[in-house]
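Colleague: Protein chains in written order, with the numbering used here: chain W, 10 to 355; chain R, 10 to 355; chain H, 10 to 355.
Accuracy of the hints is not assured; some may be wrong.
Same chains, same names: a pair is fine if it fits in one copy or spans any two.
[To be verified] Cut-off 20 Å, straight-line C-alpha distance, at most; resulting in silico cross-link-like pairs (EDC-like, lysine to aspartate or glutamate):
| no. | residue 1 | residue 2 |
| --- | --- | --- |
| 1 | K268 | D289 |
| 2 | K76 | E116 |
| 3 | K202 | E103 |
| 4 | K343 | D289 |
| 5 | K271 | E253 |
| 6 | K76 | D34 |
| 7 | K202 | D75 |
| 8 | K271 | D286 |
| 9 | K268 | E253 |
Rather than coming from a laboratory, the hints here were simulated on the basis of the structure.
Bear in mind the structure is a predicted one, so any value in this text is a computation, not a measurement.
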Amino acid sequence: MAYRLGDLAERVGAVLRGDALCEVDHVGQLQSALPGAVSFLANSRYLKHLANTRASAVIISPELADKSPVNALVSDNPYLCYARTADLLHPRPEFEAGAHPSAVISEDAVIAEGVWIGPCAVIEAGSRIDQGVFIGPGCVVGAGSRIGRDCRLVANVTLCARAKIGERVLIHPGAVIGSDGFGLANDRGKWIKVPQLGSVTIGNDVEIGANTTVDCGTINDTCIADGVKLDNQIQIAHNVEIGENTAIAGCAGIAGSTKVGKNCTLAGGVGLAGHLDIGDNVHFSGQSLVTRSFTEPGHYSGNLPAVTTGEWRKTIARIRRMNDMMQRLRVLEKRVEAIDARHKPD
Amino acid sequence: MAYRLGDLAERVGAVLRGDALCEVDHVGQLQSALPGAVSFLANSRYLKHLANTRASAVIISPELADKSPVNALVSDNPYLCYARTADLLHPRPEFEAGAHPSAVISEDAVIAEGVWIGPCAVIEAGSRIDQGVFIGPGCVVGAGSRIGRDCRLVANVTLCARAKIGERVLIHPGAVIGSDGFGLANDRGKWIKVPQLGSVTIGNDVEIGANTTVDCGTINDTCIADGVKLDNQIQIAHNVEIGENTAIAGCAGIAGSTKVGKNCTLAGGVGLAGHLDIGDNVHFSGQSLVTRSFTEPGHYSGNLPAVTTGEWRKTIARIRRMNDMMQRLRVLEKRVEAIDARHKPD
Amino acid sequence: MAYRLGDLAERVGAVLRGDALCEVDHVGQLQSALPGAVSFLANSRYLKHLANTRASAVIISPELADKSPVNALVSDNPYLCYARTADLLHPRPEFEAGAHPSAVISEDAVIAEGVWIGPCAVIEAGSRIDQGVFIGPGCVVGAGSRIGRDCRLVANVTLCARAKIGERVLIHPGAVIGSDGFGLANDRGKWIKVPQLGSVTIGNDVEIGANTTVDCGTINDTCIADGVKLDNQIQIAHNVEIGENTAIAGCAGIAGSTKVGKNCTLAGGVGLAGHLDIGDNVHFSGQSLVTRSFTEPGHYSGNLPAVTTGEWRKTIARIRRMNDMMQRLRVLEKRVEAIDARHKPD
Chain W
10 MAYRLGDLAE RVGAVLRGDA LCEVDHVGQL QSALPGAVSF LANSRYLKHL ANTRASAVII
70 SPELADKSPV NALVSDNPYL CYARTADLLH PRPEFEAGAH PSAVISEDAV IAEGVWIGPC
130 AVIEAGSRID QGVFIGPGCV VGAGSRIGRD CRLVANVTLC ARAKIGERVL IHPGAVIGSD
190 GFGLANDRGK WIKVPQLGSV TIGNDVEIGA NTTVDCGTIN DTCIADGVKL DNQIQIAHNV
250 EIGENTAIAG CAGIAGSTKV GKNCTLAGGV GLAGHLDIGD NVHFSGQSLV TRSFTEPGHY
310 SGNLPAVTTG EWRKTIARIR RMNDMMQRLR VLEKRVEAID ARHKPD
Chain R
10 MAYRLGDLAE RVGAVLRGDA LCEVDHVGQL QSALPGAVSF LANSRYLKHL ANTRASAVII
70 SPELADKSPV NALVSDNPYL CYARTADLLH PRPEFEAGAH PSAVISEDAV IAEGVWIGPC
130 AVIEAGSRID QGVFIGPGCV VGAGSRIGRD CRLVANVTLC ARAKIGERVL IHPGAVIGSD
190 GFGLANDRGK WIKVPQLGSV TIGNDVEIGA NTTVDCGTIN DTCIADGVKL DNQIQIAHNV
250 EIGENTAIAG CAGIAGSTKV GKNCTLAGGV GLAGHLDIGD NVHFSGQSLV TRSFTEPGHY
310 SGNLPAVTTG EWRKTIARIR RMNDMMQRLR VLEKRVEAID ARHKPD
Chain H
10 MAYRLGDLAE RVGAVLRGDA LCEVDHVGQL QSALPGAVSF LANSRYLKHL ANTRASAVII
70 SPELADKSPV NALVSDNPYL CYARTADLLH PRPEFEAGAH PSAVISEDAV IAEGVWIGPC
130 AVIEAGSRID QGVFIGPGCV VGAGSRIGRD CRLVANVTLC ARAKIGERVL IHPGAVIGSD
190 GFGLANDRGK WIKVPQLGSV TIGNDVEIGA NTTVDCGTIN DTCIADGVKL DNQIQIAHNV
250 EIGENTAIAG CAGIAGSTKV GKNCTLAGGV GLAGHLDIGD NVHFSGQSLV TRSFTEPGHY
310 SGNLPAVTTG EWRKTIARIR RMNDMMQRLR VLEKRVEAID ARHKPD
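Next up, chain W with everything else stripped away, as it sits in the complex (with noise of 0.2 Å):
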């Protein structure tokens, strides 16, 4: 969709420094974009781009907005403002309501109106569906499971049963919301099955990943608060809950009835052990093994940098070699003990 640079500045809440009637239709990096196109910078490793960009405009910082060669889109969160730049530029396309011939859907589930049910889908009993949602592909839904409204499960996405979904959760493919926890007793070196017999309950305008699994909990729900963005290939496990606005990034895991806080940040690959109490605004650095809580905001971290194999092992083999040292600094501590003992200044 095309804006001019003026209206755009208002709709974003940027301040244009340039022509105002220039008329922009999509965005591009800063490097490749062309006439038309509108970019960013809002990452310092990007600025060696800057000068020789052919975009129309540059959403950019206050204290960088003179270096820019073209029109400016001034903002003190240039990436959030692009963000909403790209939404204005790039809308989503609308789509029909209605269900694909396809589509199984259950005679008894509740579909609003305004909604898609695509090929292949299937929406067992007992579940309802709100207004404006859209169901991808080969979607299942799960029996006497709820979907709030303008929520949308891309492809491929399994709701178990009973799974309760907020409104404008955006659900990816291959995710799978309410499986069973991986909850064992031992009978006599047998492992028994214990009933995972709650659900999950996630909140609104939470982001689900690729191939990321929600298990629901033993008895009451695993819970998922507004706002939480769960990148791919996460797990997280029964029981868990996590507080709002908190966001994972891919690979992370979470044991079972641990609780995260609001506002958080796991990195990549990070795990938590089980039953461990996380406070808001916590936030740990990649592949973190946390296997305490940690209840006061702050950075925690774990994890050694890989660096050449040849200095690895020699890291490996000092640190095998500690205990050697100790004993030779305690040794010498008593030689020097002794010396000073006979040769005291008396």
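Chains R and H: place on chain W using the hints.
Modeller: Chains R and H alone, transformed into the frame defined by chain W:
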């Protein structure tokens, strides 16, 4: 389903202290249960909720039974007793036999009595499905597969060609059984695919979590023995063998041709390298990287739990300074040697 | 399919030592093969099984050929030679062209000759599928996708809108190509979605494992070059570029905008942070966490292999005591300094 406590105690092998005629019909958590519910105390972390519970009965160990303010179902293994109780009070709904009209079933597949094949499920040629099996919506059962009695494929499960599944196996959504192993031969820099000609053999009473993947063998089969329990998002590579009653938590991965014994546990995120031999009763803690065989029973670990990022930076700096410490220690040893030589108490 | 060893040797580029007329028709493992089978020895770990093999022939290196008790197919690269042999003896079954009646194919999709579209597969509007492609059951091919000649989507694969797939690409069940990248801008504590407008471009001869996810680019495309091999459960984030013939093992994850060169290998569970530049011929060992760019060819590592939990606790304690050691070392240095000052051999 409703039971009187006296009958329930008998069925689940507990000793009742209290009112044998009291009726219960569901399970609940200590802190939120209402009358009519049975709760349990299996983890001392939750002892604080016992005094105020409103449940009709609590499953509890003999040591703690005196502290129960309500009827007590006393058991040496409260969690196991709870699992049995939940099974009785919340039996899985029966399903009707038959096939949904949208299911696609090959004419030469052999389907026993009492099988349900759900909407948009696909049963390919030459497969055999035994009595009491439930195939949920969107599942694919590849050509020549065998599924034993009373298995349940929840939804959107993929069995590749020739997979052999035992009895009472439960497979959660998105799991893939029998995908090609990652076998590559190098031809002057280019990777040439090694045909993956084996299959997967899964024993009885196995559970396979959501989005878990089990590759087929290169020539013979990848083998998962009776009673193995796999959580979500696990990767089992080609030719792996896993022994009876081993339980593996989410996000773990086992590389090709590794053998894992019986009664092992792998915590979340554990990674086993290829061609290893892991004995019986071996236990790995979360995110451990296993690069050599461990044939002796025991507990093994190798990861650094997260601390504050500030403290962590110091730890890394210390590790990097170890060489310097060693150097200074050696210098000091020589100096003390020299001092002692000069000042011998001769 | 049956071959005489003389013909087979010629076809796979091996030198035959033995009976050119001996007929073989399948492959087998050294220790379990029966007459009629071709086996191979590519890993010295299995040399112990050579003397007793009952295979009709063994593919083997020149150095070991003398030790074969049966016909030998001598090759400098036995594993590669085995891959070719297995391909010849076990050709993939042909498939018929056409579409299963339950497949849902958009009227304006362009489907070439010789394509099979399986049951419950969905081909959306504007997609183009070239000659010889196999689309298995339950696959979704998103709007505007392109699939080159002779690709195979095994089952339940999801291609999101506008994905571009080269020729001879093999995609295993549950893989998701072109899901939204994890792009979030922060608006006073709330996460705002950054529209993901790019797509995914996949080259020729790529293999993508079960339940692996490849996100679309934010503006331009995520790019996977020719000959790249991805194992199962891998996460490739938006804007990532992977160079030719790079192979990545299971459970690895690559964060957004990172570039990986040609001929690299990432072992299982490796995690690459975002915005990195990894050169050609770079190799990371299992579970390495990579937080900076590595542009030089080489082997890199950073993880601590598991040991007994007892030993591991000591290691952690030692690391925590390092500050104390350093302190004691400094004290000792000063004391020796003082001793030397008092007792100079003047």
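Colleague: For each hint, tell me whether it holds in the structure or not.
Modeller: Okay, the hints, checked on the actual structure:
For the identical chains of this complex, K268 and D289 are intra-copy neighbours only, at 10 Å inside a copy versus 33 Å across copies, given an alpha-carbon limit of 20 Å. For a Cα distance limit of 20 Å, the shortest separation of K76 from E116 qualifies neither inside one copy, at 62 Å, nor across copies, at 50 Å. For the identical chains of this complex, K202 and E103 are inter-copy neighbours only, at 18 Å across copies versus 45 Å inside a copy, given an alpha-carbon limit of 20 Å. Taking the closest pair of Cα atoms, K343 and D289 never come within 20 Å of each other, the shortest separation being 49 Å inside a single copy and 46 Å across copies.
For a Cα distance limit of 20 Å, the shortest separation of K271 from E253 inside one copy, 5 Å, qualifies, whereas the shortest one across copies, 41 Å, does not. Taking identical chains as interchangeable, the C-alpha atoms of K76 and D34 are never at most 20 Å apart, the minima being 23 Å within one chain and 71 Å between chains. Taking identical chains as interchangeable, the C-alpha atoms of K202 and D75 are never at most 20 Å apart, the minima being 65 Å within one chain and 28 Å between chains. Taking the closest pair of Cα atoms, K271 and D286 come within 20 Å of each other only inside a single copy of the chain (12 Å); across copies the shortest separation is 33 Å, beyond that limit.
Taking identical chains as interchangeable, the C-alpha atoms of K268 and E253 lie at most 20 Å apart only when both belong to the same chain, with a minimum of 12 Å there against 33 Å between chains.
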